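K.L.:
My request is simple: use the sequences and hints to build the entire structure.
The sequence shown maps to residues 658 to 1179 in the numbering used here.
Watch out, some of these pointers could steer you wrong.
To be verified - FRET-style restraints, in silico, Cβ to Cβ:
#1 R1013 to G993: 35 to 45 Å
#2 Q858 to N913: 34 to 44 Å
#3 Y1022 to P872: 41 to 51 Å
Claimed, not checked - Taking lysine to any residue and the SDA-like style, the derived pairs with C-alpha atoms no more than 25 Å apart in a straight line are:
#4 K898 to G1098
#5 K898 to I963
#6 K893 to T929
Just so you know, the hints here were simulated from the structure itself, not pulled from any lab data.
This structure is a prediction, so every number in the text was calculated from the model and none was measured.
Every residue gets a Cβ at the ideal spot worked out from N, C-alpha and C, and that includes glycine.
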Amino acid sequence: MERTMKHTYWLVVAALAAIGCGGSGIIEGGILKDGGRSDAGASSTPDAGDEIPLDSGEPGGPDGSTVVPDGGTQTDEDAGLGAYADAEVPLGDAGCESDPCQPVAAGCGADEVCGDGLDNNCNGKIDEFCSCTPGNVQRCFLGPPGRRGIGVCSDGQQTCQGSGELGRWSECVGGISPSNELCDDADNNCDGCTDENLCCQAAGSCPSNQDPRVPQGRAFEAYQLDGVAFFFGPAKKWEWKVEGGPCDRMLFASNNVVSYAVAGSGSDPRRTEGQMLTFTPTLSGDYTVTLTVTQQDDTLFECVFIVRVRAPGMRVEVCWDTSGEDDLDLWVHQPGSGADWDRGNEMCFYSNCRNRETPRIDWGYPMSTGGACREATPSGTCQNPRLDLDNVSNPGIPENINVDVPRDGDTFRVALNFYGCGPDIEPHPDVYPMVNIYCGGELVGTFGGAQVNGELFGSNPISGYSAPGGNSTGSLWRVVDVTMHEPADSCTLTPLVPIGASSGACVDNGGDRTYDGPCRRQ
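P.N.:
This is the structure in structure tokens:
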């Protein structure tokens, strides 16, 4: 039986029939009661007048309670897959023996639990009525809870969005959800069984989550994949696509550029052709790779999987919508010092933190090995802390600052300075930067961002960031304090807000270079 062997992302939100009128779900102790199902038109973005519970900051969820927007109480799928019912096991061909594998339980329940990144009630949404602190990022899995991390299924990330003190979680992006089972030697529906009831001979083998054929990568190192590791037969055509994280999604939408280099790419910088894939990332994070093979009979074999690029310690990156025109500089302040931002030893920035022998700042951390940075010093080491990328006028190039071995309790203040601009425009229009924080290789915070063609990238675009002025008078956005913890380089994020305000980005256009300026910790 001829099949088009195509492994695709599958994501569907089922519109479930409402029962009765005026029903509501209530968050109590971090659990969304009454199934938490809203009508098909309900949004996960808070509306004016909504009551939103205070977030306790604990995994259990909020301290208070809130009323779910009125949309009618929905029925529960007590033992089924809910919104994921299409990812069921296919019926086998006539005469095919059933697979003896026993699938894992879906784990769907009646209540949504806040803070675990799961769709507990299997309605196609994650933590949809749970409050959060804007800028925070959590791992998430869009599928039945019992299928998380099984087969090809991989976590994505969701960002807390909103302009107030509390926000709501975005959609889960960048992960791999359960899909229809295909003949590709992979567990596509993530039930613990591979190619069950298909009675087929796979032409290849798609990688599963944490597959050894897809090792972890490092920024600034070329990452290579050979298509024959996944497809074994004769191929007419090989095609690859690489998609990056928050910065790359915004940069591609706004300027058709990405931060990483894909060898052999053309008008779409994310795509290339050929048996081999080589791409060089400049940022940490998860990269979604799609391999599409056209077979001799013109049917397609497709694999989708995640390449994880990681770095130790704390990593801060910034990208902005007008890179190539405007010059923004990332600043990170030394822990334990409240000194002014006077461009001395107390702050890491382009003048004293690029990877070189001298001059360099010394915060008491050991130098790192040469493989940790973009380009080692002549002695084969990497400055720590260091600035690997300083973008003045190149479209799509981010900036980043790294501290490889921070100490437990170290608190780093992150700021962004508007140094200069290309076009001589008065008044200069607002620039929309995005700042991402990684701790122990995991994305934990996304601040700022931009609206591009009606789509929000990031948490909440800042306003008033429009004054180029060198190091002394340019717009200075004091973004967040990052406090490191042991073990495993975990961290706590504390956003900075204007004095007298409960929320909002603290952007100063008055040239105040004191440590706090007009800002306070939220």
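K.L.:
Tell me if the straight-line CA distance from K893 to T929 falls inside 25 Å.
P.N.:
Holds: K893 and T929 sit about 15 Å apart, inside 25 Å.
K.L.:
Holds or violated: K898 with G1098, Cα cutoff 25 Å?
P.N.:
holds, 23 Å
K.L.:
Starting from the range 35 to 45 Å, see whether the pair R1013 and G993 falls in it by beta-carbon distance.
P.N.:
Since the Cβ atoms of R1013 and G993 sit about 25 Å apart, the hinted range of 35 to 45 Å is violated.
K.L.:
Take a quick look at whether K898 and I963 sit within 25 Å of each other, Cα to Cα.
P.N.:
Distance of about 12 Å is within 25 Å: holds.
K.L.:
With 34 to 44 Å as the target window, see if Q858 and N913 comply at their CB atoms.
P.N.:
The hinted range 34 to 44 Å holds for Q858 and N913, with Cβ atoms some 41 Å apart.
K.L.:
That 41 to 51 Å hint for Y1022 and P872 (C-beta), does it hold up?
P.N.:
Cβ of Y1022 to Cβ of P872: about 27 Å, so the range 41 to 51 Å is violated.
Comparing the model with each numbered hint stated earlier shows that hints 1, 3 do not hold.
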